[in-house]
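Visitor: Chain by chain, the residues:
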Amino acid sequence: MSTNDSTSQPEDAEVGGNGRPGRYYSYGIPYLSIDDYPGKLIAIEGTDGVGRSTQIRLLREWLEVQGYGVVETGWTRSELMQPTIDLAKASNTLNKLTFVLLYATDFADRLEKEIIPALKAGFIVLSDRYIFTALARAGVRGVDRAWIRSLYGFGIAPHLVFYLRIDEKSLIRRVLQSRGMDYWESGMDLKLGDDIYESFRVYQKALLKEYTSMADEFGFRVLDARRKVEVIQDELRRQIAAFLAESDVPAAPMAVRAE
Amino acid sequence: MEGIDGSGKTTQLGLLAKWLSAAGHPVFMTEWNSSALVKAATKTGKKKNALTPMTFSLLHATDFADRLLYNIIPPLKAGMIVLADRYTYTAFARDSARGVDRRWVRELYSFAVKPDIAVYFRVPIDVSVDRLLARRVKLKFYEAGLDMGWSTNAVESFRIFQGKVLDEYDRLVDEFDLSVVNASSSITEQQRVFRKLVSQHLEIENVDERLDESA
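Residue numbers (the working numbering), protein chains in the order written: chain A, 1 to 259; chain B, 1 to 215.
Okay, chain B solo, but in the shape it has when bound (with noise of 0.2 Å):
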């Protein structure tokens, strides 16, 4: 699941996370920059803002390597479907927006498993803001992009960063191929263009497993 914040796409994952377990398939949730190895690093650099764009990607990087072993394989071996709210993509288009090397932090993330499917919610740039203002969250300092120094205000400097996000992720859909939802429209629509979308897929893994057993 991909979507800069306000894209809704947590809501959709909690939706879809019901859908899946109603039906009685294993759901194995995980969250990006969750893993506790690396908390420690991540809030003393937050908190001095004292992290640069090169080591923001790093420490992303190992707190992925931390989840993708213990809590991305091994559910994937137990047969669970795991659902990862934000995946590499987000370090894509994040770190690239920050000014780092794009080839760099591709090949940086080549040891991760490539995702069977992987779903951008598309929303744009005022949605977004809209929704956040609304829900009176306050913009923290990374996620608003005020460690580039493109403005002091907040609000302003997300517009700007998550922008320049926004732009990263159009370029990531034509390059892995990702399945696009229009998070502009309302909560439900979104949920059920994004369970056919799994659905499809589900359906398709039950084919190739009728098929290995007739064989």
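So that you can see chain A by itself, here it is in the shape it has in the complex (with noise of 0.2 Å):
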């Protein structure tokens, strides 16, 4: 990372997964400053057909009888991106880097306009992907890695981020039992070859080892897509409730729940 001369902006920056969690990845938004705000940022990760929607909603219900304001947030979309992407998707006319500025951008009008606001009036912000699976999509398209986390040092580090794992195998059966196979989740723009299968699962695998080689990068918490909802459900809340006890959060008004 070369670092050019620089007023008065802040040098401690440091890039690729050393942002504290609730703090900018590395040199941020200058002029948004996001100090001492009261809400907190967690990340659901993974591949299609792990579940996070049913996870987030169960999560959200669970939250919500205890106090705490939640906003979701996902990924892709945002007003101002999302016919411009679907346009492009449609057209097949992006190429890897347009494909991931466009992404990019549509996060930074979110994190600006959602998450940021949402932090400061002390929400819960539960997010449906976040910028691993731009980071993991990137660099399955062999888009350096160093540029695409430099990019991306704009964001927040949330405070939990959860990576629903899954093997190749199950994650295949699960996304054709779901929605099928669509050009881009199968990968169709790397041109692998004809086959759609094929592709999907050359695809998909890239995906997991790209998941795989950020868990220790930037901490994830791992837990296993395999079983069942509600264990993994349980699991999430054990987890988050630790997290909230032993963080500052405004406390939930637990007084008046009705036991």
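Derived from the structure by calculation, the hints contain no laboratory data. Just so it is clear, the structure is predicted and the values come from calculations on it, not from any experiment. Check before you lean on any hint, since a few could be wrong.
What the hints assert, rightly or not - Listed next, with one range per pair, are the computed distances between beta-carbon atoms: (1) B/Gln200 with A/Ala146: 45 to 53 Å; (2) B/Asp170 with A/Pro83: 35 to 43 Å; (3) B/Glu175 with A/Val222: 37 to 45 Å; (4) B/His201 with A/Pro38: 55 to 63 Å; (5) B/His201 with A/Lys209: 44 to 52 Å.
What the hints assert, rightly or not - With a cut-off of at most 30 Å between alpha-carbon atoms, the simulated BS3-like pairs for lysine-lysine come out as follows: (6) B/Lys114 with A/Lys96; (7) A/Lys191 with B/Lys39; (8) B/Lys164 with A/Lys113; (9) B/Lys140 with A/Lys191; (10) A/Lys113 with B/Lys39; (11) B/Lys114 with B/Lys39; (12) B/Lys164 with B/Lys140; (13) A/Lys191 with A/Lys96; (14) B/Lys39 with A/Lys96; (15) A/Lys96 with B/Lys43.
Quick reminder that beta carbons are idealized off the backbone N, C-alpha and C, glycines included.
With the hints as a guide, bring the two chains together.
Guide: See below:
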């Protein structure tokens, strides 16, 4: 990472998984200070078909019953970029660089307009996928690792990252059962071959490898996604409860909880 | 080609292209923020004034990546002279003036091709404003930096914002060794200096080619 001279901008930046939980990964957004906000950011990562949205729905319910304010955010849902990304995907005009940059723009929009305001207002933000999805997809496509980590240096490191891990075989079956394969999720842009199943298999396998390689770098809490929904949910709740208990989240109104 | 609005660089670029074409050099022109891919998002964002400095920066980088791969690298490979009306330095200057981290935006554009020659048309803010007003150009929202909320008056906001952009350009001149043309001088004088700068570079390349052939 080359660092050019700069005037009043922070000098203690580190890139690549060194962001302390709740802080910017690297250079951050200089005009948006995120000191001392009361909220917490929790990311649920994993490939397709690991049940992320089910787990998030259950977590939200559980947290709200305890009196915590919850905001959900996803990947590529920003008002600004959704039409462009849909259009670009439909016409296959994306190359790997524009692909990465469009997603980063979308993330920046959500970070500034949804995530940071929610954190400042004291919400628990549950993120269905986070920057690791982008890092994994870019990694598979051969985008420079240092470059993309620098790019996402404006992101906030979540307080907790849960990675729902699944093996290749179970993953393929689950995706086929749910919504089937599509062009991008099959990595067809990588021109791995005309056989869509084979392309899908190779692509998803490479994705899993990327996620695994990030586990240490970004401190993933890895959960086996092949277990029952309730078992995974219990584990998530146990870890989140422990985290909330030792952090200074504005106490939920436990006193009024109906016991 | 770099310079703030009203620096006259587009005029200079047109004249240079004429000269190069007449001399038999195949020329390809590319303009900042012109790819079809991100036009939709830029338009939506601009219409709703919904762009933040970060999304503004990233959208322009996306546009640049798209043009680099389709409009810059292929003509270069085909041996053409690519004339870029604004290049990465525009992003460095504008985004930094908006408060985006300088190091971040430089690293962001590290996938770009380094130009063989980068010319900066330097003009004082008053000259730029006078030229734009004389042409009855309606100052655009983002070009005038109205998104920053420094002033609600478009001309005043333009002065403040482009003043900061000029400071950033001055920084870039040293950092990236940009060739500076005094854009306050007459059109013909600027073109003379511009052609001289470019011809030096073309001659050097010609010499190299001859050396290669004799080797």
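Visitor: Each hint: holds or not?
Guide: For each hint, the structure was consulted:
no. : hint                               : in the structure
1   : B/Gln200 with A/Ala146: 45 to 53 Å : violated (35 Å)
2   : B/Asp170 with A/Pro83: 35 to 43 Å  : holds (39 Å)
3   : B/Glu175 with A/Val222: 37 to 45 Å : holds (43 Å)
4   : B/His201 with A/Pro38: 55 to 63 Å  : holds (57 Å)
5   : B/His201 with A/Lys209: 44 to 52 Å : holds (46 Å)
6   : B/Lys114 with A/Lys96              : holds (20 Å)
7   : A/Lys191 with B/Lys39              : holds (27 Å)
8   : B/Lys164 with A/Lys113             : holds (26 Å)
9   : B/Lys140 with A/Lys191             : violated (42 Å)
10  : A/Lys113 with B/Lys39              : holds (21 Å)
11  : B/Lys114 with B/Lys39              : holds (25 Å)
12  : B/Lys164 with B/Lys140             : holds (17 Å)
13  : A/Lys191 with A/Lys96              : holds (12 Å)
14  : B/Lys39 with A/Lys96               : holds (18 Å)
15  : A/Lys96 with B/Lys43               : holds (23 Å)
Hints 1 and 9 from the earlier list are contradicted by this structure; the remaining hints agree with it.
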